[in-house]
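Could you put together the complete structure from these sequences and hints?
Number of protein chains: 2
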Amino acid sequence: MNSELITKGELAKKAARTLAVTDAGTKNKALSAIADGLEENAAYIIEENKKDLENAKQKGIAAAMLDRLMLDEKRIAGMAEGIRQVAALPDPIGEVLGMVKRPNGLVIGKTRVPLGVIGIIYEARPNVTADAAALCVKAGNAVILRGGSEAIHSNIAIVKVMNAAGEGAGLPHGAISLIENTSREAAVELMKMNGYIDVLIPRGGAGLIKTVVQNATVPVIETGTGNCHVYVEKTADLDMAQNIIINAKTSRPSVCNAAETLLVDRAAAKDFLPKTLAALQAKGVEIRGCAESAAIFPGIRAATEEDWATEYNDYILAVKVVGGIGEAIDHITAYGTKHSEAIVTTDYNMSQKFLAEVDAAAVYVNASTRFTDGFEFGFGAEIGISTQKIHARGPMGLPELTTIKYIIYGNGQVR
Amino acid sequence: MNSELITKGELAKKAARTLAVTDAGTKNKALSAIADGLEENAAYIIEENKKDLENAKQKGIAAAMLDRLMLDEKRIAGMAEGIRQVAALPDPIGEVLGMVKRPNGLVIGKTRVPLGVIGIIYEARPNVTADAAALCVKAGNAVILRGGSEAIHSNIAIVKVMNAAGEGAGLPHGAISLIENTSREAAVELMKMNGYIDVLIPRGGAGLIKTVVQNATVPVIETGTGNCHVYVEKTADLDMAQNIIINAKTSRPSVCNAAETLLVDRAAAKDFLPKTLAALQAKGVEIRGCAESAAIFPGIRAATEEDWATEYNDYILAVKVVGGIGEAIDHITAYGTKHSEAIVTTDYNMSQKFLAEVDAAAVYVNASTRFTDGFEFGFGAEIGISTQKIHARGPMGLPELTTIKYIIYGNGQVR
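Order-wise, the sequence lines are chains U and R.
Count the first sequence with our numbering and you get residues 1 to 415, in order.
Count the second sequence with our numbering and you get residues 1 to 415, in order.
One or more hints might be untrue.
You can't tell identical chains apart in this list, so a pair holds if it fits in one copy or across any two.
Unchecked claim - With a straight-line cut-off of 30 Å between C-alpha atoms, the simulated DSS-like cross-links for lysine-lysine are: (1) LYS353 / LYS13; (2) LYS283 / LYS234; (3) LYS353 / LYS110; (4) LYS234 / LYS192; (5) LYS275 / LYS74; (6) LYS74 / LYS160.
For the record, the hints were derived by calculation from the structure and aren't laboratory data.
See the structure below:
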């Protein structure tokens, strides 16, 4: 393993031991100091960010990507504000989730403790650096960050400022570290740091997630790929249904909880599709439909097998007419990514069937899929949205950055 | 991928959809039928088991291993009884863990659902086949079993009997399947069945666990390696301490919650070690000690660096004199496997420090490490003991074989 990884891994392990027993007051004071530090050092961070922007421009990177990379005073203030909000959240650590007295007199308690060392692998957006570090530290974990090469100057600057402020306010050295080697080799080595990293959370596109899942030997929490559906059942309030699909598709198409496919019952298709698809087109959405929807709303591109499986993250919507809820659920089961799925219906039995039989992190009746989000769910924070089933599912807040420990009080019991 | 894996993977996925909405009554009836089926077909299972025993004998396999492999009427009755106990446990599925109404009127509930398809990779003991399958099915999951080649005839017979009885009583076809190809290649392919298997649980020795962690791309729950310590603090009741270390070491040395190293405070060593180590030797325990303990109790073998790191699973105990609780916790942090750790003390502050600072699934004050067990904890069942931090930690009962799903009731909300 390369020496940067070993050095930072050892430091993180050591810091995690201290952080696990650091009280909430100290952690919160350190987070406030970090927020202040980021604002006070905004000019330095912006200067370093300019180097990344210059490099990106020279590489001919797309404007949308440049925008994600860019930091200004307002965005840095936003990062600081996010950290202050995390500081204000209740500390999850030390909560006793249950305690029982066994017949032999042993008292067995289940308490919430930090995971230990969390690795975060992410892409271009430098605000993730501050955001993820604050959440990990609040939950008592040390964090090893590995951002993309495009943002390396910005990330180094942000972590330098966070550490100066945080350590000054009582955080142990090594609580937050950044892997500065942005090679693919170093990333793959990071994914195999068993004994140093307790869990690895990739945040980014499908390619990054896949690389992590294929290569990691440390436990991984997969996040964020969403091929979400809105199913308009035949008894749906069609105005509500139109409102929901327009919101789910167009309010922010680039995110994982945006809808990618509209499923419509045959019995409602003729009433629903012409008006709704025209409204979507008016918002700039390209429609790709099955033969039946094209017969009802001509002139659209034919959807292929690939369309059903694609997370567009763009102003494109696949449309399919189905014979009823069974066919809708079969389609979702075959092509969905178990992220967020919605039914629009006025039929009680249909709503219950959909909630019971659709296997996804979040299943909605009569609401937009766009609500799958830690803030919208009331968690006050979010480190990502888990699309796997173990440890965490759906939006992950602070409790998802913890584990449990059994503490057992005896008076000499043997077995 | 080989065709057996694909066929059984597809069947398991399909069965999992049905099992997820199968009521507790049907599952329990099927489990009872399976228990009856095993007893009724004991002669057939024993006959098939004899083939495995013959093969094992020809390969010159050790007597202890032969004993683990052997099935007789009594052991089959024990398997059936275990399944009846699982049937009698409360169904974890459908429990609503919380429900909130958000300011926008959305009602967000968190409900317990099955994981889906669970893969279990295990070694020689054929009783795991029945035991693991029953637990998975009770929690609404389909299960794909992959046992060792030594037990293949027994496993095929057990699964055949379970399926005939279970499907006759309403279990979907594919709920329980066994991979009959026992090659290493098929096992490695099983570990990479993303999209088919939701979680893989290896049950067996350190070698098996390591192979799974290194090769799996599906999420894994590591189980069972335990290098556990008993730390005798200087204020300990020394009779209690002796009782605890003798129990932790000798009541069943082959299991993961047995103690492997005794740590003793310098201030208590001269009083404690001579009598206790003699008592351990009288029970057939070989002592390997640090220089200081050898000075107090001469004639023992010197412990090496390797001894501190070894899970003996045998009548061997490493012994080290330490300068106090800090040194004890440092030793445990360096060499422990985060399974079960115990302190014996009468000092309140020492007990609290040990509980807070030792990072392990189960941390004990004044009790034997041998209690880390699903039955001893009152879970009524156990699929294994997780030594990783995500999803489950410590003894895993039925709730650890489930995940959650958010169900959201709206009335037209958009974002």
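Now the hints, each set against the structure:
no. : hint            : verdict
1   : LYS353 / LYS13  : between (47 Å within a copy, 19 Å between copies)
2   : LYS283 / LYS234 : within (25 Å within a copy, 75 Å between copies)
3   : LYS353 / LYS110 : between (35 Å within a copy, 17 Å between copies)
4   : LYS234 / LYS192 : neither (50 Å within a copy, 40 Å between copies)
5   : LYS275 / LYS74  : neither (40 Å within a copy, 71 Å between copies)
6   : LYS74 / LYS160  : within (20 Å within a copy, 66 Å between copies)
Of the numbered hints stated above, those contradicted by the structure are hints 4 and 5, listed in ascending order.
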